[in-house]
Amino acid sequence: MLLNQLLDEITNARAPLSVNELSRKLHVEPAMIEEMINFWVRKGRLVDDSEENMSTESDSHCGSCSACPESKEGAHAASASRTYSIPSRKR
Amino acid sequence: MNRSATLKSNTFSIDYGQEIEGEITRLMNEIEATPAIAPMYPPRWLAIKLLEADEDIQMRLQVLEGGVHLLDIAQKSADHLQTLFGDDADIFIAERRYGWINGLVREVVQRPIFDRLTISDKIDRVVTHRLLGIPIFMAMMWAVFKMTADVSAPYLDWTDAMVNGPIARWIAAILGWIGFGGTWLESLVVNGIVAGVGNVLVFVPVLMFLYLTLAVLEDSGYMARAAFVMDRLMHKLGLHGKSFLPMLVGFGCTVPAMYATRTLENKKDRILTGLLVPFMSCGARLPVYVLFAGIFFPKNSGAVVFWMYLTGIITAILLGILLKNTLFKGQGSSAFVMELPPYRLPTLRGIWRHTWERTNSFVKKAWTIILATSVVMWVLMAIPAKSGGSFGGMDFNQSVFAWLARGIAPAFQPLGFGTWEASSALVTGFVAKEVVISTMAQVYATEGDEEIAEPTTFFEDVGEVITTFIGATVDTVKSLPLIIGVNLLGDKAEEEPTTLMTAIKTGFESSSGGHGALAALAFMVFVLIYTPCMATVVAERHELGTNWMWLSIIGQSALAWLMAFILFQGGKLLGLG
Numbered sequence: 001m002l003l004n005q006l007l008d009e010i011t012n013a014r015a016p017l018s019v020n021e022l023s024r025k026l027h028v029e030p031a032m033i034e035e036m037i038n039f040w041v042r043k044g045r046l047v048d049d050s051e052e053n054m055s056t057e058s059d060s061h062c063g064s065c066s067a068c069p070e071s072k073e074g075a076h077a078a079s080a081s082r083t084y085s086i087p088s089r090k091r
Numbered sequence: 001m002n003r004s005a006t007l008k009s010n011t012f013s014i015d016y017g018q019e020i021e022g023e024i025t026r027l028m029n030e031i032e033a034t035p036a037i038a039p040m041y042p043p044r045w046l047a048i049k050l051l052e053a054d055e056d057i058q059m060r061l062q063v064l065e066g067g068v069h070l071l072d073i074a075q076k077s078a079d080h081l082q083t084l085f086g087d088d089a090d091i092f093i094a095e096r097r098y099g100w101i102n103g104l105v106r107e108v109v110q111r112p113i114f115d116r117l118t119i120s121d122k123i124d125r126v127v128t129h130r131l132l133g134i135p136i137f138m139a140m141m142w143a144v145f146k147m148t149a150d151v152s153a154p155y156l157d158w159t160d161a162m163v164n165g166p167i168a169r170w171i172a173a174i175l176g177w178i179g180f181g182g183t184w185l186e187s188l189v190v191n192g193i194v195a196g197v198g199n200v201l202v203f204v205p206v207l208m209f210l211y212l213t214l215a216v217l218e219d220s221g222y223m224a225r226a227a228f229v230m231d232r233l234m235h236k237l238g239l240h241g242k243s244f245l246p247m248l249v250g251f252g253c254t255v256p257a258m259y260a261t262r263t264l265e266n267k268k269d270r271i272l273t274g275l276l277v278p279f280m281s282c283g284a285r286l287p288v289y290v291l292f293a294g295i296f297f298p299k300n301s302g303a304v305v306f307w308m309y310l311t312g313i314i315t316a317i318l319l320g321i322l323l324k325n326t327l328f329k330g331q332g333s334s335a336f337v338m339e340l341p342p343y344r345l346p347t348l349r350g351i352w353r354h355t356w357e358r359t360n361s362f363v364k365k366a367w368t369i370i371l372a373t374s375v376v377m378w379v380l381m382a383i384p385a386k387s388g389g390s391f392g393g394m395d396f397n398q399s400v401f402a403w404l405a406r407g408i409a410p411a412f413q414p415l416g417f418g419t420w421e422a423s424s425a426l427v428t429g430f431v432a433k434e435v436v437i438s439t440m441a442q443v444y445a446t447e448g449d450e451e452i453a454e455p456t457t458f459f460e461d462v463g464e465v466i467t468t469f470i471g472a473t474v475d476t477v478k479s480l481p482l483i484i485g486v487n488l489l490g491d492k493a494e495e496e497p498t499t500l501m502t503a504i505k506t507g508f509e510s511s512s513g514g515h516g517a518l519a520a521l522a523f524m525v526f527v528l529i530y531t532p533c534m535a536t537v538v539a540e541r542h543e544l545g546t547n548w549m550w551l552s553i554i555g556q557s558a559l560a561w562l563m564a565f566i567l568f569q570g571g572k573l574l575g576l577g
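Protein chains in written order, with the working numbering: chain E, 1 to 91; chain V, 1 to 577.
There's no promise every hint is true.
Straight-line distance between alpha carbons at most 25 angstroms, and here's what the computed DMTMM-like set of lysine to aspartate or glutamate pairs gives [unchecked claim]:
{"#": "1", "chain 1": "E", "residue 1": "43", "chain 2": "V", "residue 2": "19"}
{"#": "2", "chain 1": "E", "residue 1": "43", "chain 2": "V", "residue 2": "461"}
{"#": "3", "chain 1": "V", "residue 1": "267", "chain 2": "E", "residue 2": "29"}
{"#": "4", "chain 1": "V", "residue 1": "122", "chain 2": "E", "residue 2": "34"}
These are calculated hints, taken from the structure and not from any lab test.
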């Protein structure tokens with residue numbers, strides 16, 4: 001029951017997890033973990049936070065702060081890695 | 001033999017279990033009994049797709065004869081399985097499929113999959129280690145700020161000498177040549193624009209070094225690990241694990257960091273993180289630290305800058321814990337999965353692109369907001385506060401600007417910097433933190449005794465620009481070992497104080513009763529904690545709402561005052577500074 005095991009691991013985790021950690025815990029290749037995460041994202045049981053962020057970002061733009069490049073890529077370079085989380089019921 | 005029969009004989013089957021297989025068989029029989037559909041798709045494949053509620057297949061079948069009937073039967077089968085299993089049928093189909101793939105991988109791949117560690121895995125075992133991860137992150141930050149403060153110093157001195165030397169001389173000469181020598185226009189350009197904008201541009205090398213080191217960390221893949229390690233700490237402290245990602249963005253600029261709080265799905269978590277993000281020291285505050293650390297702590301400027309950044313992080317974490325247990329009580333923090341990209345060797349092109357984009361943005365701002373603020377300030381400093389004076393014809397000390405600033409200066413007296421010069425810099429710094437430097441350059445430029453330089457020719461100046469640049473480059477290379485505490489520069493490592501630095505030092509020593517270093521630290525802490533800039537305020541209003549925006553502005557100002565007060569008065573009581 002790999003898919004449900006994966007979801008249980010994420011739901012019950014007490015701290016952020018990396019794909020590699022999940023791979024070691026479930027004894028599954030990291031690429032397959034990513035595929036299974038994508039499956040749960042398609043099912044709506046996990047949220048791709050980067051997608052969520054980008055989808056609501058069209059109306060926002062950086063201000064005039066000097067350190068901020070105008071391109072989104074540059075601005076969010078530090079947070080370039082994707083994160084997935086359990087969607088909250090109440091937003 | 002028809003097409004479906006051919007496909008049937010060539011395919012292998014995953015056993016989906018008795019219940020699902022029963023429904024698949026039932027659907028296959030229905031498909032084979034539908035002449036318009038049976039020859040088009042392999043029956044088993046189509047039956048599985050129908051149970052998975054594949055939208056594309058559903059659309060295709062709807063227009064075929066018998067398709068709607070087939071979809072009805074498929075829906076009944078899916079409903080039956082859902083009742084049986086308590087969840088969607090496609091989850092159990094996928095479950096079986098992934099199980100089969102995993103079994104196959106285990107069976108046919110000869111290498112010991114789970115014992116084999118890539119280089120990225122090996123590095124991650126150390127870098128993201130539960131105990132080692134945080135000290136490693138601190139060490140990385142230490143290296144970044146040593147690099148930023150110490151290694152960039154020769155170029156900082158070079159640009160300072162250029163802006164306040166040849167460039168200022170050329171501009172004054174051109175104005176004199178076209179007949180504006182000694183007029184208010186010359187004062188506006190030299191004391192307003194060159195002193196204001198020029199002294200902010202002096203810090204371009206410092207920011208370039210900061211952005212360069214951050215770009216190396218980002219492009220190598222380390223920053224994602226840093227966020228992961230710190231998120232784990234945040235989670236343990238009861239804060240949302242994803243809070244540190246926006247905070248990390250805040251090292252560059254608070255505005256995108258504020259928008260990055262959207263990765264938090266819960267509104268209360270978003271607001272809490274949005275309130276903490278401004279405490280992360282953005283690039284615009286760096287010139288203030290570098291200037292003050294260079295004046296008051298020349299031998300430990302890198303360490304001082306590092307501690308300022310660390311103070312920001314610690315303040316954010318402590319305040320976060322306080323808010324989480326008071327205003328935001330009762331919010332549990334959920335875990336999440338982070339995809340850590342593999343480590344890469346950063347490319348020169350990539351690093352340069354990131355560094356240039358950010359530096360270019362800083363330079364652009366110097367010619368817009370800082371220029372406008374400098375001109376407005378110069379005008380206010382040119383208007384006499386009392387009758388009798390003429391526009392631009394009196395000491396700036398007697399100006400409307402000084403008069404207004406003196407009105408708020410007493411509020412900063414207990415913090416050790418209750419002068420109109422320092423107070424005015426903090427007020428204009430509300431627009432943007434770079435303006436703190438430009439204001440100080442303007443207000444102190446009028447007070448310091450200008451160095452009388454030997455007259456030089458244009459070609460002598462050009463020669464000086466080139467030779468000093470080469471000298472700065474050599475010194476920069478020599479200063480690299482300073483990161484690990486090795487000084488190859490000797491006495492050269494100690495910066496020669498400029499007129500501005502001397503004026504600031506004298507002003508702070510005088511206003512603090514001889515505790516200049518303590519007052520300078522208190523000033524830096526105040527700059528770190530109070531509202532970063534107007535753009536951040538706009539972002540806060542947009543993301544958090546008007547009420548939270550006001551709470552943030554008032555709270556940051558009060559906390560800035562309190563922290564600076566405790567630092568200055570506490571330090572004095574302990575006999576420091």
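When the hints from earlier in the document are held up against this structure, which numbers fail? Violated: hints 2 and 3.
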